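2 protein chains.
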Amino acid sequence: MILRLNQSSGIPLYLQLMEQVKHAVETGALRSGDQLPTIRKLAEDLVMNPNTVARAYRELEHEGIIELRHGSGAFISESLAGVTKVTRKVQAVMQSAVERLVAAGLTGDEIRRLLENELAVLRDAKRLQGAEHE
Amino acid sequence: MILRLNQSSGIPLYLQLMEQVKHAVETGALRSGDQLPTIRKLAEDLVMNPNTVARAYRELEHEGIIELRHGSGAFISESLAGVTKVTRKVQAVMQSAVERLVAAGLTGDEIRRLLENELAVLRDAKRLQGAEHE
DNA sequence: CCAAGTGTGCTAGTTAGTTAATACACTACA
DNA sequence: TGTAGTGTATTAACTAACTAGCACACTTGG
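Residue numbers (our numbering), protein chains in the order written: chain A, 1 to 134; chain B, 1 to 134.
Check each hint, because a few of them may be wrong.
Heads up, the list lumps identical chains together, so a pair's fine if it works in one copy or across two of them.
Listed below are the simulated EDC-like cross-link pairs for lysine to aspartate or glutamate, each with C-alpha atoms no more than 16 Å apart in a straight line [unchecked claim]:
| id | residue 1 | residue 2 |
| --- | --- | --- |
| 1 | K22 | E110 |
| 2 | K89 | D45 |
| 3 | K89 | E118 |
| 4 | K126 | E67 |
| 5 | K41 | D124 |
| 6 | K126 | E99 |
| 7 | K126 | E61 |
| 8 | K89 | E44 |
| 9 | K41 | E78 |
| 10 | K89 | E26 |
Bear in mind the hints are in silico, worked out from the structure with no lab data behind them. This structure is a prediction, so every number in the text was calculated from the model and none was measured.
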C-alpha cells in the first residue's frame with residue numbers, strides 16, 4: 001500500500017492520511033488484520049513528524065477503522081468484515097445521484113450545498129419529533 | 001425575512017449569514033430585486049461587528065447571489081430568475097438519495113464522505129481525459 | 001452643496017487548529 | 001532479563017481564520 005501527501009494543498013496532513021487509509025479499506029486494498037506501517041517508519045518515509053502520523057492513527061482508531069496495540073503496531077480492525085458489501089450498495093445510490101446532478105450542470109460545491117440543505121431538513125424534522133440534537 | 005445566529009455553534013458568523021440568505025433565496029423568501037437589511041442595521045440587530053456582515057455580503061456578491069450598490073444598499077441579483085425551478089428538480093434527486101441512505105442507517109458524516117468519494121472519482125476521471133484541475 | 005446613510009479598506013487582536021519537540025510506557029523476542 | 005521497537009502523553013511553536021475597531025469614499029435627497 002502506497003501513501004502520498006500533498007504538502008501544499010492546505011488540507012491537514014493527518015486528515016490526508018486518514019482519508020487514504022479509509023479509501024484503501026473501502027476499495028479492499030487493506031483488509032481486516034492487515035498491519036499498517038509503523039508510526040515512525042511512515043513518518044520517516046513521508047518526511048513528517050511522528051506525532052502527526054500518531055494523530056491520524058489515533059483518530060482512525062476512535063472511528064473504529066484500525067486497532068492500535070501498544071508495543072506491536074497498528075492493524076485494520078477485525079469488525080469490518082461485512083462492511084464493504086453494504087458500502088457497495090450504498091455507493092451505487094450516491095453514484096447515481098451524483099451522475100444525474102453533474103449531468104444537470106451542477107458543480108461539486110453546488111452538490112455539497114444541496115446535500116447540506118437536505119441534511120439540515122432532516123435535522124429539523126428530528127428536532128420537531130423531540131429528539132435531542134447531538 | 002428573519003435572520004438568526006448561533007454564537008456558540010463554532011460555525012463562523014459570516015458563513016451562517018451567507019447560508020441563511022442563500023436558503024431564503026432558494027425557498028423563494030427572497031426574490032430578485034429585494035433589498036437586504038443594511039450592513040449596520042443588521043449588525044446592530046444581531047449584536048455583531050458590521051465588518052462581519054460586510055464580509056458575508058461581499059462573498060455573497062462574489063458568488064453572484066446579491067449585488068452591492070455603494071451608497072444604496074444590498075439587493076438580490078436580477079439574474080436568479082429561473083433558478084428556483086431547476087433547484088426544485090435537483091433537490092428531489094438529492095432528497096431521494098439521502099432518504100435511502102438514511103434508511104440504510106448511515107449518519108450525516110458518512111453520507112458526506114460518500115459524496116466526497118464520488119466527487120473524487122469524477123475528478124480523477126476528468127484528469128485522465130486531460131482536463132485541467134482547477 | 002451639504003448632511004446623513006450607505007458600502008469599502010486597512011489594521012490589529014483573538015482564537016482554534018495543526019504540527020513539531022521531547023520524554024515516557026508498554027511489548028516482543030533473543 | 002534487557003534491549004530494541006512499538007504506541008502514548010505533554011508541551012510549545014506556528015499558522016490561518018475569524019472578528020473587531022476605526023477611518024475612508026460614494027450616493028441619495030433635501
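Structure-based check of all given hints:
In the homo-oligomer, the alpha carbons of K22 and E110 lie at most 16 Å apart only across protomers (12 Å), although the nearest pairing inside one protomer, at 25 Å, exceeds that limit. In the homo-oligomer, the alpha carbons of K89 and D45 never lie at most 16 Å apart, since the shortest distance is 35 Å inside one protomer and 48 Å across protomers. Taking CA atoms no more than 16 Å apart as the test, K89 paired with E118 passes between copies only; the shortest distance there is 13 Å, against 21 Å inside one copy. Taking CA atoms no more than 16 Å apart as the test, K126 paired with E67 passes in neither setting, with 33 Å inside one copy and 36 Å between copies.
Taking the shortest alpha-carbon separations for K41 and D124, neither the intra-copy value of 46 Å nor the inter-copy value of 28 Å comes in at or below 16 Å. In this assembly of identical chains, the alpha carbons of K126 and E99 lie at most 16 Å apart only when taken from different copies (13 Å versus 29 Å within one copy). Proximity of K126 to E61 under the C-alpha cut-off of 16 Å is found in neither arrangement, the shortest distances being 29 Å within a copy and 33 Å between copies. When the C-alpha separation of K89 and E44 is checked against a cutoff of 16 Å, the pair qualifies neither within a copy, at 38 Å, nor between copies, at 50 Å.
For the homomeric pair K41 and E78, neither the shortest alpha-carbon distance inside one copy (23 Å) nor that between copies (58 Å) is at most 16 Å. In this assembly of identical chains, the alpha carbons of K89 and E26 lie at most 16 Å apart only when taken from the same copy (12 Å versus 31 Å across copies).
Violation of the numbered hints given earlier is confined to hints 2, 4, 5, 7, 8, 9; the remaining hints are satisfied by the structure.
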